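Residue numbers (numbering that gives the first Met the number 0), protein chains in the order written: chain A, 0 to 386; chain B, 0 to 315; chain C, 0 to 96.
Hint data in this document are derived by calculation from the structure and do not stem from the laboratory. There's no promise every hint is true.
What the hints assert, rightly or not - List of simulated lysine-lysine pairs, DSS-like, C-alpha gap at most 30 Å:
(1) 42(C) to 12(B)
(2) 209(B) to 46(C)
(3) 133(B) to 277(B)
(4) 239(A) to 258(A)
(5) 303(B) to 4(C)
(6) 133(B) to 238(B)
(7) 258(A) to 305(A)
(8) 92(B) to 12(B)
(9) 2(A) to 12(B)
(10) 208(B) to 236(A)
(11) 268(B) to 211(B)
(12) 208(B) to 46(C)
(13) 238(B) to 42(C)
(14) 277(B) to 4(C)
(15) 238(B) to 4(C)
(16) 292(B) to 4(C)
(17) 99(B) to 43(C)
(18) 2(A) to 258(A)
(19) 221(A) to 46(C)
(20) 211(B) to 28(C)
(21) 16(B) to 28(C)
(22) 4(C) to 12(B)
(23) 12(B) to 46(C)
Unchecked claim - For the chain A half of the interface with chain B, some residues (derived, Cβ under 8 Å), not all of them:
(24) 22
(25) 55
(26) 199
(27) 201
(28) 205
(29) 207
(30) 224
(31) 226
As the list claims (entries may be wrong) - To be clear about the criterion: a stretch of chain B counts as covered by chain C if any three or more of its residues have a C-beta under 8 Å from a C-beta of chain C, and this derived list gives those stretches:
(32) 13 to 25
(33) 32 to 44
Note that the structure is predicted; figures quoted are calculated from it, not measured. Beta carbons are placed, not taken as given, at the ideal position from N, Cα and C, and that holds for glycine.
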Amino acid sequence: MGKRIGMEVAIAAAEAVALCRIDVAAVYPITPQSHIAEHLSDIVHDGRIDAEFLTVESEHSSISACAGASAAGARVYTATSSQGLMLMHEILPIVSAMRLPVVMGVANRAVSGPLNIWNDHTDVMPQRDCGWIQLFAENGQEVIDMSIQSFRIAEHPDVMLPVMVNIDGFQLTHMIEPMIMPTQEEVDRFLPPRVPFATLHPDNPLSMGCFNMPDIFMETMKAKDVALQGAKKTIIKIWKEWAKIFGRDYQPVETYKAKDADILIVTMGSMGETASVAVDEMRKSRKKVGLVKIKLWRPFPVEEFKVAVHGCKTLAVMDRALSFGGAGGPVATEIKSLFYHEKERPRVADFIMGLGGRDVRVEDFIAMVERAEKKEDDTYEFLGVRE
Amino acid sequence: MNTVQNFEIFVPKLVEKREFFSSGHRACQGCGEVLALRLLLKGLGEDAIIANATGCMEIISSAYPATAWMHPYIHVAFENAAAVASGVEAAIKALRRKGKIADREVFVAAVAGDGGTADIGLQALSGAAERGHKFIFFCLDNEAYMNTGIQRSSQTPFMAATTTSPAGKAIKGQRTGKKNMPEIMVAHGIPYVATACPSYPIDLLEKVKKAKEADGPAYIHVLSVCPTGWRSPSNETIKLGRLAVESGVFPLYEVENGKYRLTVELPEKRRPVSEYLKAQGRFRHLGPEDIGKVQALVDREYRKLIHKVTTSVSWS
Amino acid sequence: MKQRKWPETWREVTPGCIVFTPGNASEYKTGSWRAQRPVWDNKKCIKCGMCYLFCPEACIHEDENGYFYADLDYCKGCGICAHECWPQAISMIEEEV
């Protein structure tokens with residue numbers, strides 16, 4: 000049975016990663032990820048785990064070093080935020096194309112410009128298409144659990160894809176929360192040593208990263224897409240195993256008081272907790288409101304989402320990023336396209352909220368629901384902007 | 000210092016016989032870079048892992064599903080050969096220590112062109128050298144971004160014509176001289192830095208051997224004659240390398256723990272640089288005054304090197 | 000994992016486009032590129048091996064008598080061997096059209 004602890008979530012993330020017996024970590028500091036990097040280096044320098052900790056000179060090099068180390072057969076971890084993730088952008092699709100099981104913690108932070116170190120999802124949304132599995136943690140317990148699960152998911156022979164665990168920067172990384180830290184024995188039972196599909200070693204030479212001419216590239220891309228879409232099945236299976244060992248359930252989409260709801264709030268990440276308080280508040284005045292929380296963002300759980308919102312007339316989607324000049328927030332746009340062919344479609348009210356660390360309180364969720372009820376069309380709008 | 004005349008003519012028989020880069024690769028006829036690669040891979044031996052940057056050598060060798068590499072090989076992107084090599088080195092170190100792989104030394108080599116070393120790759124190289132990884136970085140310098148169509152790099156020599164530093168009416172070729180990469184690497188305090196050229200194959204192989212024995216990062220800068228980009232006849236690749244060395248354009252030296260030493264001594268009166276320049280189409284726009292400027296630059300750089308050879312002290 | 004046939008369908012592409020057969024680039028015969036080929040005059044050859052060492056294609060081999068020849072499946076006809084041969088034992092002759 001795990002140990003009950005009260006700890007800063009970023010520190011807990013580093014402790015969870017250490018439990019996974021990583022071989023190499025290559026990290027470059029950036030606010031608000033830095034506590035993860037610092038605590039992981041404490042763990043390595045104290046000799047608590049046997050790993051190589053590379054203090055690289057940029058995020059581009061941290062993801063590149065992770066790619067090299069993973070290719071050589073090591074279990075690797077890195078973490079970053081915002082500008083760092085943007086700097087890694089070039090290499091992200093290469094890591095997934097090369098099927099390297101790198102695990103990365105992203106402390107979500109706004110992307111410049113202007114510079115803003117506080118929390119939103121504008122850093123992870125530009126990485127939607129890169130072919131990584133992407134999870135969103137809602138609280139400290141999920142951060143611990145998802146960090147450990149990610150290694151198992153990434154290294155599974157039916158997956159072999161890199162995984163990103165999204166942790167809201169400051170709002171979650173810097174919170175001190177009560178959590179249960181699994182024991183080393185429990186983690187060892189859940190997560191066996193890595194058995195790589197292929198490694199770089201002279202005992203068995205091979206070439207990785209060969210380029211594609213046009214006559215084979217589309218086939219390669221299809222194979223990558225099939226792998227990512229097919230990973231959902233394995234993720235759910237691994238989550239069932241997790242529940243058996245640790246007693247905590249994970250679903251791609253979780254619901255709260257959604258069964259009879261007329262209107263559902265949709266969130267990703269830590270805002271789900273505030274939204275659930277708002278749901279309870281609104282239920283007091285008999286309003287039939289519920290909450291849907293997306294935990295698995297890529298591959299997007301199409302069937303599970305449709306089941307979760309089935310029968311509901313209106314979705315009030317919280318988007319913490321925006322595609323400038325486009326159809327609106329990424330989450331609402333994704334949801335709208337799911338339902339395009341369906342005869343029965345909910346109305347999708349798209350709200351851009353909580354950018355750059357702007358606090359989203361219970362009152363804001365209540366205002367969001369009221370606005371969603373009145374809204375006539377499906378266009379996106381900013382909520383909480385001073386006119 | 001060669002005390003036996005033409006000693007190298009008798010040594011090919013002693014060189015590693017195995018080929019680590021198969022025929023059937025798509026390099027141009029007479030490519031000096033692929034020859035340099037072929038030789039340095041022989042020097043590395045079979046217990047090596049290669050991290051390669053995007054460039055000529057990567058493109059001519061690894062069009063899926065074919066590969067010319069006999070070593071374990073990884074290519075990721077253009078600017079991160081040194082970062083990928085750092086990761087491989089760290090992984091091998093950790094896995095050996097934890098007993099997950101055979102406890103046997105495996106050399107990690109990063110191979111990149113002049114672009115992937117001195118320009119876009121400089122940051123990763125500097126970081127890897129500073130962190131002290133035990134790896135060898137080979138810069139295969141053909142003096143431009145040849146793979147993408149002969150665009151200039153920081154290693155393009157003064158007044159050379161490239162597609163982004165053309166010999167135009169107003170500006171005649173590259174305006175700056177060659178950025179001194181070996182000196183930059185010496186400044187990082189790494190134990191072994193050397194320049195090499197496949198026209199002096201035994202010298203190159205000796206340097207690879209020393210790089211393997213170095214107690215930390217090693218850097219070898221290899222002049223790679225490119226008939227396509229330098230507009231020279233495909234059969235003069237070796238001759239041009241020799242002219243570059245003998246005129247002092249590309250002196251062959253090594254720096255062990257800060258102590259500079261010429262590995263190919265040159266006479267007081269070096270070959271005039273005009274012989275080297277006239278053999279290449281990329282310098283054909285140079286008039287006598289221009290050649291004089293190039294000669295002055297070469298003389299100045301050579302004097303600086305000799306000064307370092309005579310005054311530098313080993314820091315070990 | 001043996002690659003006998005070049006992959007065509009998306010199911011046949013190896014994960015990560017990894018190539019498990021080192022050196023299989025040799026299945027492509029670059030000999031079709033050349034316009035001229037090297038010919039050795041063994042009366043002049045001193046068996047030094049420099050032609051073997053300087054060949055960018057690694058296609059010059061030593062025969063059982065210690066003389067050298069080019070594997071014409073790969074020789075691109077660059078002429079380096081002929082240019083560097085110290086006793087000038089190698090000549091480049093034009094390929095017939």
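Hint by hint, here is what the structure shows:
1. 42(C) to 12(B): 20 Å, holds
2. 209(B) to 46(C): 29 Å, holds
3. 133(B) to 277(B): 41 Å, violated
4. 239(A) to 258(A): 23 Å, holds
5. 303(B) to 4(C): Since the Cα atoms of residue 303(B) and residue 4(C) sit roughly 57 Å apart, the hinted pair is violated (cutoff 30 Å).
6. 133(B) to 238(B): Violated, because 34 Å separates the two Cα atoms, which is more than 30 Å.
7. 258(A) to 305(A): 13 Å, holds
8. 92(B) to 12(B): Answer violated: residue 92(B) to residue 12(B) is near 35 Å, above 30 Å.
9. 2(A) to 12(B): Violated: residue 2(A) and residue 12(B) sit about 67 Å apart, past 30 Å.
10. 208(B) to 236(A): 51 Å, violated
11. 268(B) to 211(B): 34 Å, violated
12. 208(B) to 46(C): Holds, because 26 Å separates the two Cα atoms, which is no more than 30 Å.
13. 238(B) to 42(C): OK: residue 238(B) and residue 42(C) at ~25 Å, within 30 Å.
14. 277(B) to 4(C): 49 Å, violated
15. 238(B) to 4(C): 42 Å, violated
16. 292(B) to 4(C): The hint is violated at about 57 Å.
17. 99(B) to 43(C): Violated. Residue 99(B) to residue 43(C) sits at ~56 Å, over the 30 Å cutoff.
18. 2(A) to 258(A): Cα-Cα ~34 Å, so violated.
19. 221(A) to 46(C): Violated, at about 54 Å.
20. 211(B) to 28(C): 34 Å, violated
21. 16(B) to 28(C): 22 Å, holds
22. 4(C) to 12(B): Roughly 37 Å separates the two Cα atoms, so the pair is violated.
23. 12(B) to 46(C): The given pair, whose Cα atoms are some 9 Å apart, holds under the 30 Å limit.
24. 22: 4 Å, holds
25. 55: Given a least distance of 6 Å, the restraint on residue 55(A) holds.
26. 199: It holds, given that the least Cβ distance between residue 199(A) and chain B is near 4 Å, below 8 Å.
27. 201: 5 Å, holds
28. 205: 6 Å, holds
29. 207: 4 Å, holds
30. 224: Status violated, d = 18 Å.
31. 226: Violated: closest Cβ of chain B sits about 17 Å from residue 226(A), beyond 8 Å.
32. 13 to 25: holds (count 8)
33. 32 to 44: holds (count 4)
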